[in-house]
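Now for the letters of each chain:
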Amino acid sequence: MPYDPADPLKDRITDIGPRYFKDFLPPVIKNNFGKWLYHEILEPGVLVHVAESGDEVYTVRVGACRLISVEHLREICEIANKHCDGYLRFTTRNNVEFMVDNKSKVKPLVDDLKSRKFPAGSNKFPVGGTGAGITNIVHTQGWAHCHTPAIDASGVVKAVMDSLYDQFGQMKLPAPVRVSLACCLNMCGAVHCSDIAILGIHRKPPMIDSQWIDKLCELPLAIAACPTAAIKPAKTDTGLKSLEVNAERCMFCGNCYTMCAAMPLADEVGSGIAILVGGKLSNRRSKPKFSKVVIPFIPNEPPRWDTTVKAVKNIVDVYSKDARKYERLGEWAERIGWERFFEKCNIPFSHHLIDDYRFAYTTWRQSTQFKY
Amino acid sequence: MGKHNTPMLDELEKGPWPSFVSDIKQQAEKGKHVLKEAPDDLLGVMELSYEDRVTHWKHGGIVGVFGYGGGIIGRYCDQPQNFPGVAHFHTVRVNQPSSKYYTAEFLGQLCDLWEKHGSGLTNMHGSTGDIVFLGTNTDHLEPLFFELTHELNQDLGGSGSNLRTPECCLGMSRCQFACFDTQECCHNMTNEYQDELHRPAFPYKFKFKFDGCPNGCVASIARSDMSVIGTWRDNIRIDQAAVKAYVGGELMPNAGAHAGRDWGKFDIQKEVIGLCPTECMRWDGSKLEINDKECTRCMHCLNTMPRALRIGKDTGASVLFGAKAPILEGAQMATLTVPFMKMESPFSELKELIEKVWDWWMEEGKNRERLGELIQRKSFQEFLRVTELDPDPRMVDEPRSNPYIFWKEEEVEGGWTRDIEAYRKKHQR
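Going down the list, the sequences are from chains A and B.
Residue 1246 is where the first sequence starts when you use the working numbering, and the numbers rise one by one after that.
Residue 69 is where the second sequence starts when you use the working numbering, and the numbers rise one by one after that.
The set of hints was computed from the structure by calculation and includes no laboratory data.
Note that the coordinates shown come from a computational prediction; the quantities given were computed from them, not determined experimentally.
Accuracy of the hints is not assured; some may be wrong.
[What the hints assert, rightly or not] Quick look at which bits of chain B chain A covers, simulated, 3 or more residues with Cβ under 8 Å:
#1 128-138
#2 160-171
#3 191-197
C-beta atoms are modelled at their ideal positions from N, C-alpha and C, and glycine is treated no differently.
All chains, full assembly: derive it from the sequences and hints.
Below is the structure:
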């Protein structure tokens, strides 16, 4: 029976969860589940995994946009049907992986993928994203869909990935460099542990839509939302209940706007980009690390965000030349010292970069050890 | 040329990386989606944002499907008269299968469904892992949900103050480092807690993520309130012949991950033994020895020589709690709470643990207080009492340096009630 709008709860099915993943595994994967011996990257973007049984699965990894159309998904399905017996997967970082069970099937697949381009010229399926290189940028919605962003997401990512394109298809860096973007401090993209994080920030306190705020918001919730207690009750000249922001205490987190739509803070010049570097998630050698703010603000520069693109490229280039094999960006910066990082990358150090929030003291230097 | 003039977005059709603008345009031109104007109007409203340098989306309202408090996020354009195709542009989160394997058949069915009920635009995938259907109006939500459940046997994901859609790495399906079946665990836990996932009853969001090994490909340690990371407690398995083959240059070190640059001949002493953070390895020119008791399982040697070294056989997972992004008290990483737990289906021990944690958080947590912030506010000691776990030096980087210990009365001989008169008999005023 199709859906009946007159009786929407009829035959309702709920709480069934996702489809079972084993229904979607390619046979070679299913047959060797939990019995893999090792893997090798044969060339950038192409991996082989070898199982105890001797079976092999060849994976071709391609970059994709996170914002992706049904038309493009259908093309992905067509490729999977043509080369991979109808199986595919996506990675955590918005890449697509096509898997085949025989080496002879790899080249036709790669050639096919590389031949497909959008009419304006960009590649539909760039092959790469493996090993000591740059893989796809994980990101958020930005101006395509979100109400709190300070910046766009998809456009910045496109511009940055164009400039790092060679690194996506090569493995020439000292270690993997994970680049992430979040369009506001809420960080749906959780960029706080990335080698390079592009973060949207605001710099103007929220405006108060006084005529409407008491109708649109629970005022106590908005007051309570402020982590620095900068918001207090107020009355308008006409006696309406409203709020007031102590601008000097505002750190522009936007949490009040999340709670109350009558306190918008995005602004054409106030909002822009901060660059953080040196985070990592892996436990390899050193512990996971947070990313640190090294450039406090870059203006929004649509459509190609030139200053941001140059800043990211510069950091990648300096790191690539200077770091030792296996050294993640943050490990390199710690070894040479952050004072040296700023010098080598030719990035000015300003008061904005010294922590003055909750755990500030833990990041100040309590030592006479420093470099000239 | 589409409905709107988009000179700025058109600049993003240039360059080698896949262009989302070109992709949206092809959907606008060729797509069979029911909300005909949506892709064009999305480009239009984005172009306006590129001109204005601010977003044109409003806060979501309360939209959803009957009986669920999550899974749909309301979204409205603040210039609906100019962009009617995206005036209402709600998001539908569809719970992805563990580690995002698909058949083209199922992915095609999802495409069919979304053409029938939405914009034809998606995110594959959202940051938390869901399949995201991007943009539809309220009238389509119930029919979409009906067909999703009845025809595709597939449910929505989480949003709001509930359990968010759990996520895992690809685990045992294609990785030799997987210490437990992350996919089975993710699937099992998702189904066990469907009520928590669909009906918000928590102070704020709660995330589970499952990483198969300490390499952490799904980033659980940074972005999940409960992070489960595979590990082992016996010895790394060594194939001495393969070690020699790496040393001799017959095998490609790092599984080829550094092959793009000439780093010189592989040097086991410098690249493996010398970089081991615990200095627990030795190579005498013919035999590799590992003092496993001192190993912290950082994965460096396994990543470097994957054909020679394998994870141990007595595998399980570490369980960590409290990671979150900066809002509000600052970013936190997850804190090691259970160093080792066996991870076998049906994962009962993990479920017992999480239920104790939720009971406490729902009782004590303030509105929009993440678990990590509650643990900080109430203390890690309180968290251990709630979870009925014994303190362990593995839970800290170092012991406290301040002596401000909150002693409990029952810990102090004789308790805290004393007689001031008896005291004064010995000590004059």
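Hint by hint, here is what the structure shows:
Residue count for the stretch 128-138 of chain B with a Cβ under 8 Å from a Cβ of chain A: 4. That meets the three needed, and the coverage hint holds. Note: the stretch 160-171 of chain B has 9 residues with beta-carbon separation from chain A under 8 Å; the three-residue rule is met and the coverage holds. Counting residues of the stretch 191-197 of chain B whose C-beta sits closer than 8 Å to any C-beta of chain A gives 7, which meets the bar of three, so the coverage hint holds.
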